[in-house]
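Protein chains: 2
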Amino acid sequence: MANITKKVSWSSRGDDSGLAGEGTPLLNGTEIPKPSRQLSGSGSVFRIGRFSTVDLEDDITSEEDPIRGRPKEIPHNEKLLSLKYESLDYDNIENQLFLEEERRMSHMGFRCLEISRWVICGLIGILTGLIACFIDIMVEKLAGCKYQVIKENIEKFTEVGGLSISLILWAVLNCAFVLVGGIMVAYFEPIAAGSGIPQIKCYLNGVKIPRVVRLKTLLVKVLGVICSVAGGLAVGKEGPMIHSGAVVAAGVSQGRSTSLKRDFKMFEYFRRDTEKRDFVSAGAAAGVSAAFGAPVGGVLFSLEEGASFWNQMLTWRIFFASMISTFTLNFFLSIYHGKPGDLSNPGLINFGRFESDSVAYYYYELPLFMGMGAIGGLLGALFNSINYWLTIFRIRYVHRPCLQVMEALLVAAVTATVSFTMIYFSNDCQPLGPEHNEEYPLQLFCADGEYNSMATAFFNTPERSVRSLFHNQPGSYNPLTLGLFTLTYFFLACWTYGLAVSAGVFIPSLLIGAAWGRLCGILLASFTPTSPIWADPGKYALIGAAAQLGGIVRMTLSLTVIMVEATGNVTYGLPIMLVLMTAKIVGDYFQEGLYDIHIKLQSVPFLHWEAPATSHWLTAREVMSSPVTCFNRIEKVGTIVDVLSNTSTNHNGFPVVVQVLDSDEPAKLCGLILRSQLIVLLKHKVFVELARSRLSQRKLQLKDFRDAYPRFPPIQSIHVSQDERECMMDLTEFMNATPYTVPQDTSLPRVFKLFRALGLRHLVVVDDENRVIGLVTRKDLARYHLGKHGLEELQLAQT
Amino acid sequence: MANITKKVSWSSRGDDSGLAGEGTPLLNGTEIPKPSRQLSGSGSVFRIGRFSTVDLEDDITSEEDPIRGRPKEIPHNEKLLSLKYESLDYDNIENQLFLEEERRMSHMGFRCLEISRWVICGLIGILTGLIACFIDIMVEKLAGCKYQVIKENIEKFTEVGGLSISLILWAVLNCAFVLVGGIMVAYFEPIAAGSGIPQIKCYLNGVKIPRVVRLKTLLVKVLGVICSVAGGLAVGKEGPMIHSGAVVAAGVSQGRSTSLKRDFKMFEYFRRDTEKRDFVSAGAAAGVSAAFGAPVGGVLFSLEEGASFWNQMLTWRIFFASMISTFTLNFFLSIYHGKPGDLSNPGLINFGRFESDSVAYYYYELPLFMGMGAIGGLLGALFNSINYWLTIFRIRYVHRPCLQVMEALLVAAVTATVSFTMIYFSNDCQPLGPEHNEEYPLQLFCADGEYNSMATAFFNTPERSVRSLFHNQPGSYNPLTLGLFTLTYFFLACWTYGLAVSAGVFIPSLLIGAAWGRLCGILLASFTPTSPIWADPGKYALIGAAAQLGGIVRMTLSLTVIMVEATGNVTYGLPIMLVLMTAKIVGDYFQEGLYDIHIKLQSVPFLHWEAPATSHWLTAREVMSSPVTCFNRIEKVGTIVDVLSNTSTNHNGFPVVVQVLDSDEPAKLCGLILRSQLIVLLKHKVFVELARSRLSQRKLQLKDFRDAYPRFPPIQSIHVSQDERECMMDLTEFMNATPYTVPQDTSLPRVFKLFRALGLRHLVVVDDENRVIGLVTRKDLARYHLGKHGLEELQLAQT
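Going down the list, the sequences are from chains R and V.
Read left to right, the first sequence gives residues 1 to 799 (full-length UniProt numbering).
Read left to right, the second sequence gives residues 1 to 799 (full-length UniProt numbering).
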C-alpha cells in the first residue's frame with residue numbers, strides 16, 4: 001500500500017529530499033505515523049525544553065496521539081497537513097558572506113543587476129510567447145487534420161450508412177492522442193498533470209513542490225497539452241501556459257540547467273529563492289498574458305496569487321515580461337496567419353471583437369446579470385463538489401500509472417462517443433451563410449446548404465466553440481441544443497479535470513457558461529415579445545461564461561481584468577465584476593474554489609492572506625514547535641551529522657545559540673542556520689581544525705552555496721570519517737545572525753502577519769531573556785483554519 | 001521670518017500636535033534649530049544610555065552639529081528631513097484590551113465587520129461618484145456661461161473693432177473665479193492647494209499630514225477646483241478627485257465627523273489608523289475611477305502608491321468602491337445628459353471612442369512611439385525642473401496668503417491674455433462642418449462657415465480640447481497652431497502647478513502632449529508622400545499625451561491601465577506601455593517625478609519601496625535613535641507628565657521596561673506605549689491609587705481610546721494636580737506587550753523591509769539580553785537615500 005500515493009501526490013517521488021515521504025501511506029495507513037514534532041537521539045545536542053504551560057494540555061494530547069500508536073481514525077487528507085512539503089526561503093539569508101558581498105558591490109554593480117533583471121524578464125516574455133505560439137500552431141495543425149479526416153469520413157458514410165465506423169474512427173483518433181499525452185504525464189512526470197495553476201500558486205506562496213519548475217516538466221507539459229487538446233478532451237490549453245511560463249522563468253533566471261548539466265555562468269546572483277520567486281511571478285504573468293492576451297490580467301494574477309509584498313519596480317518588470325510575451329505571440333501568429341504586423345488578435349484564446357454599439361448593456365440588465373452570477377456560483381460549486389469526490393476516488397483507487405492512462409483513454413473514448421451521439425440525434429439544422437465562421441461545418445442529415453448546429457459546439461476545438469457561442473448570429477442555435485450541450489459538457493469537463501493529462505479548466509468552464517448563458521439570452525428574448533435589441537444572445541453568452549468560470553475558479557480582480565482584456569472592450573467591466581462577485585459569494589457559501597480544493601487535497605501547508613479571524617486567543621507559545629534542536633556557535637561535526645541524519649525529524653532550520661563561558665546561565669539566541677547551508681559546509685569540510693592546519697585553504701564563498709542551489713545533496717551522500725566527527729565547525733560566518741524573533745506571548749495573527757509579509761521559513765520564539773523556546777514554521781501556522789464550527793486544527797502527518 | 005513656511009508647508013498650522021513645528025523657520029533660519037534627538041530634563045525617567053561604538057563617531061558629529069548652534073549652512077529643504085511629521089500606526093496596537101475584545105468577538109461578529117466594510121466601500125463609491133458628478137456639472141455650467149458671454153462679446157466687437165474690451169472681459173471673468181478659489185485655499189485651507197496626490201501618497205505611505213482628510217479640506221477642494229477650472233487656468237479637475245475620494249473615505253469609515261461634532265455611533269471598530277488607511281486606499285481608488293472612468297486603474301493606483309501588503313479581500317473591496325463610483329457618476333451624468341441608462345461614457349474625462357479599425361498600429365511604428373516617449377521624458381523633466389525652481393521661489397518669497405492669491409490672479413490674467421493673443425493672431429481657419437464637435441466655435445476673422453482653429457484649443461475647457469486633439473479630422477489644425485499652442489501651454493501649465501488653487505496636472509499634461517503628438521503625426525504624414533493610412537494624427541496625439549503625462553508624473557502600471565481604460569480600447573496597451581516606460585527611463589535620468597519633487601520639497605519622511613541598494617553596511621545600531629526614553633511598567637504620573645510635556649523631544653512612542661526587583665540587572669523590554677495612549681490614560685486618571693480607593697470605577701475600555709481618536713488632546717490641556725503627580729500608573733494593560741524588535745546588528749535593508757512591510761511606526765532595537773538600546777522610527781530610515789555620489793544622509797530639522 002505504501003506507494004498508493006506515489007503518482008497522485010504532488011511530492012511523491014521524494015527524490016529531492018532523499019528521505020521524506022517514503023513509507024507512510026496517505027490514506028489507508030497501516031503503518032504507525034512517526035512522531036513528527038519530537039526529537040529523538042543525538043544526546044550531545046543542546047536542547048531547550050518545552051515551555052510548560054497549562055494552556056498547552058489540549059495541544060499536547062492531540063499531537064501525541066499518533067505517537068501512542070492508536071490513531072482512532074485516519075481522517076480524509078484534506079483534514080491533514082503534510083509534513084513532507086518544504087518551505088522556500090523568501091527571506092534573504094543575511095549571513096556575513098552575503099553582507100560582505102553586498103557591501104563590496106558598487107552602485108554600478110547594483111545597476112547592472114537591475115539591468116540583467118530586465119533582460120531576464122524580456123527573455124522570459126519572448127520564450128513564453130514562443131511556447132504559446134508553438135502550442136497554438138501544433139494544436140491547430142493536429143486538430144485540423146483530425147477533424148478533416150473525420151469530416152470526410154462522416155460525409156462518406158452519411159450517404160451509404162454505417163456511421164458507426166466514423167464514430168470508431170473518431171474515438172480511435174482521440175484515444176491515440178490521449179494515449180501519448182497520458183503516458184508522458186503518468187510515467188515520466190506526474191507533476192505535469194492538470195493545469196499547473198495550483199502548483200504555481202503553492203510555489204509563489206512559498207511551498208516547495210518538488211520538480212515543479214524543471215525542464216522535464218515543461219517538456220511533458222507542452223507536449224501533453226497538445227495531445228490532450230488535439231485528442232478532443234474537454235480541456236483548454238491556457239492553464240498550462242501559466243505553468244510553462246513559470247518553468248521558463250525559473251530556468252532562464254538561473255543561467256543554467258541542472259537537468260542538462262549546463263552552467264552558463266550567468267545570473268549567479270539570482271540563485272536563491274527570493275530572486276527566483278520574483279522571476280517565477282513574472283513567468284506566470286507572461287503565461288497568463290500569452291494565454292489570454294491579457295498583460296494587465298497577468299500581472300494581477302501573479303500578484304493575487306503570489307506576491308505578498310508589492311514592489312513597484314518588480315511589478316513593472318512583471319508587466320514588461322507580460323507585454324513582451326503577448327507581443328511575441330502576436331507577432332509570430334500574425335506571420336503564421338499570413339498577416340504580418342497585425343497585432344490586433346492577442347492571446348491563445350481571444351473572444352473576438354465585441355462591438356460596443358450593438359451589444360451595449362442597460363442598467364436594468366444588471367440584476368439579470370447578478371442572477372446569472374448566482375447560477376454560475378451554484379453550478380460552479382456543483383462542479384467543484386463532483387470533482388472533489390472524483391479526486392478522492394482517484395487518490396484512493398486510481399493511483400498506478402497504467403490505471404491513470406486507462407482512465408484517460410476511457411474519457412477520450414466516452415467524449416468522442418457522447419459528442420457523436422449528440423450530433424447524430426440533433427436535428428438543429430442552420431443555413432450555412434456565405435461568410436460562415438464554421439471551420440468544419442458538418443452537414444450530416446441536414447438539407448443541402450445547411451449544417452448541423454450541435455456540431456459547431458462539439459466538432460471543434462473548445463476555443464472555436466466559445467467564439468461561435470459569443471458571436472454567431474442570433475438564431476444559430478436552438479435552445480434544446482444549448483441545453484443538452486451544457487448538460488453533457490458539464491459532466492465531461494468535470495470528469496476530465498484531474499486526469500493524468502496536461503490540461504486546463506478555463507476554456508471548458510467558459511464553454512459551459514457560454515452555452516447556458518446564450519440559452520438565458522434566447523429565453524429572455526422569447527419572454528419579451530417585441531424582440532428587444534438588448535437581449536443579444538452573444539452578450540448573455542459572455543456573461544454566462546464569466547459566471548461559470550468565476551463559480552469554478554473563484555479568482556477575483558485578476559479574472560475580471562483577464563475577461564475584460566480578452567473581450568477587448570472596457571465597457572463590460574462593471575457587469576463582469578458584478579457577475580464574478582456574485583458567483584464568488586454564492587459559490588463560497590457551498591464549496592471552495594477548484595484550485596483550493598486540489599491544494600487542500602494534497603495537504604499542502606498553504607498560507608492564506610490572514611490568520612483566521614477568531615484566532616486571537618492563540619499565542620506563539622501555543623502554535624510553535626518545541627523543543628527546538630539548537631546548535632552551538634562552535635559545534636562538533638559529529639553532532640551536526642547526527643542531527644541532520646535523524647530521519648524522524650528532518651528539521652531544516654536550526655537556531656544557533658551561544659553559551660556564556662563558565663556560567664550556568666542559559667544560552668542565548670545568536671543566529672539561525674539552515675540544513676542546506678550545513679550540508680554545504682560539511683561537503684567542503686569547513687572545520688576549525690582543518691582551517692588551522694591548512695591556512696592556505698580557499699575560504700568558502702557565497703558561490704559555493706549558489707552552485708549547490710537548489711538541489712542540495714542529502715546528508716547520506718556526504719562522507720564524514722570518524723576523525724572528522726571529532727572536529728569542530730564554526731558557524732559564525734554562515735548563520736543568519738539576525739533572524740526575526742517574536743516573544744512567546746505574541747498573538748497568532750501577529751505572528752502570521754510577520755511570517756506572511758516577509759515570506760519567512762523559520763521564526764524563532766524567544767523568552768524575555770532572548771533564549772530560544774520554540775520555532776514557528778509554515779505548518780504551525782497553516783494548520784489553523786476557519787471551519788464550520790469555528791477555528792479548527794488540521795492534523796500533521798508524514799504523508 | 002518665523003511664519004514664512006506657514007502657508008506653503010503642508011503641516012504648517014500645528015494645531016494638531018499643539019507643539020510641533022512652531023517657531024522654526026523652514027529655510028532662512030535665524031533661530032537655532034532645537035536639539036532633535038536628545039532628551040533633556042525629567043530626571044527620574046529610566047533612561048538607557050547610548051550604545052557606545054566607534055562606528056558611530058561620524059554619525060554623532062553630523063547629528064550634534066546643530067546642537068552646538070553653528071550650522072554652517074542651511075541646506076535647501078530637499079536635503080532636510082522634517083521632524084514635525086508624525087507617523088501613522090499601520091500596525092495594530094495589540095494590548096490586552098484589544099486582545100480581550102478580539103477574543104470576545106464571535107465568528108459572526110467578524111462576519112458583520114466584514115459586511116460593514118463592504119457597506120462602507122459602497123458608500124465611499126457612491127459619495128465619490130456624486131462629488132465627481134457635482135464638480136462636472138458645475139464646471140460645465142459655469143464655463144459654459146463664461147464662454148457664451150465672451151463669445152457673444154467677441155462676435156459683437158469683431159465687426160466694430162475694439163476687441164481689447166473682450167480681452168478685458170475675459171481676463172476679468174477668469175480673475176473673478178480664480179479670486180474666489182484662491183481666497184478659499186489660501187486663507188481657509190492651504191492643504192487643499194494643488195492636486196492632493198502627493199499628500200495622499202504620503203498618507204498611504206504612513207505619514208500623518210495634518211488636516212489632509214478633514215471635511216473642511218474636502219469642501220475647499222471641491223469648490224476650489226470648480227473655480228480654477230471655470231477660471232480658465234491650465235488645470236484639470238481629475239487630480240483633486242483622488243483627494244476628495246480619500247477624504248470621503250476617511251469620513252465615512254469613522255462613522256462620525258469631528259468637525260461637525262456628530263457621532264453616529266457606527267463603525268467604531270474602524271477608528272484606528274490601520275483600518276482607516278484601508279478605506280482611504282479605497283477612496284483614492286474611487287476618486288481615480290470617477291475621474292478617468294478607470295476602475296482597475298484606480299485599484300492599481302492605490303496599490304502602487306499605498307498598500308505595501310497586498311490582501312486579496314482588501315483589493316476586491318477597493319475594486320468594488322471603484323466600480324460603484326464609476327457607475328454612480330455615469331448613472332447621474334447619463335440622466336443629466338438626457339440619456340438615462342447609457343453607461344458608455346465613463347469618467348470625468350474620457351478620451352472619446354477610438355475605433356480600433358481606423359487607427360490600428362503596425363509594429364514598425366513602435367520605434368516611433370518609443371522616440372515620442374523619449375521626447376515626453378525630456379519635456380517632462382524640463383517641466384519638472386522649471387516647476388521645482390518655481391516651487392523653491394514660492395517657498396521663499398510667496399508665502400503670505402495675500403501674495404499667493406495675487407499670484408493666482410496674475411496667472412489667471414496672463415492665461416486669458418496669452419490665449420486671446422494667440423487666437424487673435426492665428427490665421428488657421430477651418431471649415432465648420434455640419435456635425436462639428438466644437439462647443440464654442442469662434443469665427444473671429446475667418447470667413448463665414450469657418451472657425452478659428454486655435455480657439456478650439458484655447459477657448460474651451462481643457463478636457464474638451466484634449467478630445468478635439470484626439471478626434472478631430474486630419475487637417476483640423478495646422479502645424480504652426482499646434483507648435484505655438486504646445487509652447488505657450490507648456491509654460492502656462494508649469495507656472496500654474498503649485499499655485500494656491502485646487503487643481504490637477506493630469507489634463508494639462510495630456511493637452512500639451514496631445515498637441516505635440518498631433519504635430520508629430522502631421523509631420524510624419526507629410527514626410528511620407530503617399531498619405532499613408534497609419535499616420536493618423538489622432539493616434540499620435542494619444543501617444544504624445546501618454547508620453548507627456550508619463551514624463552511628468554512617472555507613474556507606471558497604474559497610468560498604463562488608466563490610459564487604456566480611458567481610451568476604452570485594449571489594443572493600445574502595448575504602445576502606451578512602451579511609451580510610458582521610455583518616458584520614465586529618460587525622465588528619471590534628469591529629474592524625479594513631479595509628485596516626488598513636491599514631497600521632497602516638503603521634507604516629508606517618505607519611505608520608498610526598498611532601502612537604498614548600497615546600504616548594507618549600515619546596521620540598526622547606526623541608524624537608530626538613542627538614548628531612548630523608557631517607562632517602567634508601573635510608572636510615576638509626574639514622570640510621565642514631565643516626559644510628555646518636554647517640548648524639545650516630543651517623542652511619540654516609549655518602550656516599557658521591567659526592572660527585576662532587588663537586582664541591579666538592567667531592565668528588559670516588556671512593551672511599547674504611545675503618547676496618545678498615555679494621554680488618554682492621564683485624562684481618565686487611571687492611577688493605581690485611585691483604582692484602589694474607588695473600586696467601583698469603570699474600567700477603561702478600548703472605546704475610550706477610539707473616542708479620542710484621531711485628535712488626541714495635547715498634554716498641556718490635561719490638568720494633573722501635585723498630589724496626582726505622586727500617584728502611580730500601571731501600563732501593563734494598555735501597552736503593546738509584543739512590539740517587534742530587531743537585534744542591533746541587523747542590516748539597514750532588513751530593518752527597512754520589516755518596517756515597511758508591516759507599516760510600523762516604532763521598531764525597538766534590543767541587545768542580546770533583550771534590553772532596549774535604541775528605537776528606529778520613520779525618520780531614521782527615510783534619511784538615507786541614493787544620491788549622485790552613492791548613499792547620502794539627509795539632515796534632520798525641526799522645520
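Heads up, some of the hints might be wrong.
Given that identical chains are not distinguished, each listed pair holds provided it fits within a single copy or across any two copies.
Stated by the list, open to error - Taking lysine-lysine and the DSBU-like style, the derived pairs with C-alpha atoms no more than 35 Å apart in a straight line are:
#1 K779 x K339
#2 K265 x K788
#3 K208 x K151
#4 K788 x K703
#5 K779 x K668
Treat the hints as calculated values from the structure; they're not laboratory data.
Status of each hint after checking the structure:
no.	hint	result
1	K779 x K339	neither (53 Å within a copy, 58 Å between copies)
2	K265 x K788	between (53 Å within a copy, 31 Å between copies)
3	K208 x K151	neither (47 Å within a copy, 71 Å between copies)
4	K788 x K703	between (50 Å within a copy, 31 Å between copies)
5	K779 x K668	both (25 Å within a copy, 31 Å between copies)
Going through the hint list in order, the structure does not satisfy hints 1, 3.
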